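Kindly generate the complete structure, drawing on both the sequences and the hints.
The listed protein sequences correspond, in order, to chains A and B. For what it's worth, my numbering labels the leading residue of the first sequence as -2, then goes sequentially. For what it's worth, my numbering labels the leading residue of the second sequence as -2, then goes sequentially.
There could be a bad hint or two in this list.
You can't tell identical chains apart in this list, so a pair holds if it fits in one copy or across any two.
[Claimed, not checked] Quick list of in silico lysine to aspartate or glutamate cross-link-like pairs, DMTMM-like style, CA-CA up to 20 Å: (1) Lys189 - Asp289; (2) Lys48 - Glu99; (3) Lys165 - Glu90; (4) Lys48 - Asp14; (5) Lys48 - Glu106.
Rather than coming from a laboratory, the hints here were simulated on the basis of the structure. A quick note: this is a predicted structure, and the numbers were derived from the prediction, not measured.
Protein chains: 2
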Amino acid sequence: MIDQTVLPETEDYLYFDSYLDVADSITTMKVRGAPAIGVTAALGLALAASKSDASTTEDAITELREAAIVLGATRPTAVNLFWAISRMMSMAEANNEKSLPEFRAILIEEAVRIQEEDVDRNESLSEFGASLIEDGDNVLTHCNAGALACAGCGTAVGVITAAWEQGKKIHVYVDETRPRLQGAKLTAWELKRAGVPMTLITDSMAGHFMQQGKVQKVVVGADRIAANGDVANKIGTYSVAVLAQAHNIPFYVAAPTSTIDLNIVDGSHIPIEERAEDEVTIVGKTRLAPLDIQVANPAFDVTPNRLVAAIVTETGVAHAPYLETLAAAVGDRNSANDIDRS
Amino acid sequence: MIDQTVLPETEDYLYFDSYLDVADSITTMKVRGAPAIGVTAALGLALAASKSDASTTEDAITELREAAIVLGATRPTAVNLFWAISRMMSMAEANNEKSLPEFRAILIEEAVRIQEEDVDRNESLSEFGASLIEDGDNVLTHCNAGALACAGCGTAVGVITAAWEQGKKIHVYVDETRPRLQGAKLTAWELKRAGVPMTLITDSMAGHFMQQGKVQKVVVGADRIAANGDVANKIGTYSVAVLAQAHNIPFYVAAPTSTIDLNIVDGSHIPIEERAEDEVTIVGKTRLAPLDIQVANPAFDVTPNRLVAAIVTETGVAHAPYLETLAAAVGDRNSANDIDRS
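Structure, rendered in structure tokens:
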């Protein structure tokens, strides 16, 4: 997979022999983006199964449980990680009587299926989302919810590029997204490659351009969506949502149903990862602030459902009341999967 | 004066022999902050007069008019620059019949008076502003409106340190203030030296901490205040003001009356400086974004008066309707000056 920490200067691809290295690549954000880390964890478990020294399926499952704990401890906020791990482990437990070679093949197949489903979901939700974007719109996005963050064409960036490919003349304001600058480094890189007109801005400029009437839509991704539609996403998303509401600009969230966590009633229960201070105080080799000061670095924030105009998933465009529409979206996915597999 | 572009790593002091170098130091932001660049321009004009080769006062005034144009062209938004230049030029024109040595001495005296007045104003407004801060408050500030931005103890940071020195147990959230990071580099440095407890955050975190109930007051400086109380200040200030209102947090502006421009009816007439793209795309030696993309870099934004809970000047705390209270504040200053000089 591509190493996202060295983009946009360098396109470097990483190959893994051990799930421990896969876990490390998630922790250090060589791969990031909620759907992408779900797929990566699934492939990591498939790797653990195929590289396992176990001589029985039972022993392989024991090792896999250990690998699931390690991979699950990498990052706390994106639920896709736990969703993918749980789906892989269910598949493992359901096949505990298979021979070891069969068992390994089943897990590899399931991980690849998770990856392929994400590609399909990206495509479906991008099409649904593109219907919300009008010709001539200026669309603001925060962080990176593009191909790099997913297995396919992306979520928020997928929506944007789908609208562009439909021939809508749009322009994108890209928040640079401090502290890790995923907007400047990744979204700008993706939109440039896709040929979509854009302007890079600092996060602090979003309100100014809204005030000037230059933003018609906001589209962002999500790391976890609670049952009531509260959305955890990259730090700064909440500020963008408040600003959008103050300027009567629709604020859309684009995410696959694997990002919806029906077990969590509202956003207050979503764990927010606190990351290292030097992500804020150091850029490249340059220190930006005095030594020995206190620094906060919450990696995510929670946008309450009242600020969310719609949540776009691969099953369609969900509106409030989200408690009903999100449950229906997850239900639609599950029945679609049942049909696919029947 | 201290070179603000190399803080906080290096404390480097600059000395000038020519007003052209003074002008350059303003353009390149070696000195920045509305009150500070006003004082610097005044001292630059005094330098121009004292270094002039003119043999008559009349010739010296002609040269001074040229210097005023050069210094006035350095940065467009902060009105203190034009206020200080205009005050120096009025003094020059009023003394066009004096001998050259007398003329030079008068201009130096006037520039030093402008500097000393700013020190006094910082102190008065800090005392008035401190009365708005309560024991236990968490105060958020954006950019740097501290001693570095002024001749004295600063405006917004002056208010904060005055409250701290009154024994109020406060804590400050310091927005790093992209793109030039005056919060991380300058405000954090000043507050650390003053021993005021603080936490450095990215601009995108301000809304999150407000949502968590961790911010009780916002205090910022200003680069120009229109007659109706609309406030131009560092880019991102408007976003902070919208967020503060959404969370019922009072948003205060602290600035000397020299920042009030009664000739401008509202904020829409304040010129907003657009600065170089590489301020956004490069930090230190690190490029943050792909090459050849469009980048916006407005250095300021305008916060409408309806979001401003109070404007603190050296004459007191002004509330809406600002059209009346700001005119009164400027009137109070002028009568105070008349008394001082009588």
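Status of each hint after checking the structure:
no.	hint	verdict
1	Lys189 - Asp289	between (39 Å within a copy, 9 Å between copies)
2	Lys48 - Glu99	within (14 Å within a copy, 90 Å between copies)
3	Lys165 - Glu90	neither (48 Å within a copy, 60 Å between copies)
4	Lys48 - Asp14	within (8 Å within a copy, 72 Å between copies)
5	Lys48 - Glu106	within (15 Å within a copy, 82 Å between copies)
The structure is inconsistent with hint 3 alone, although it conforms to all the rest.
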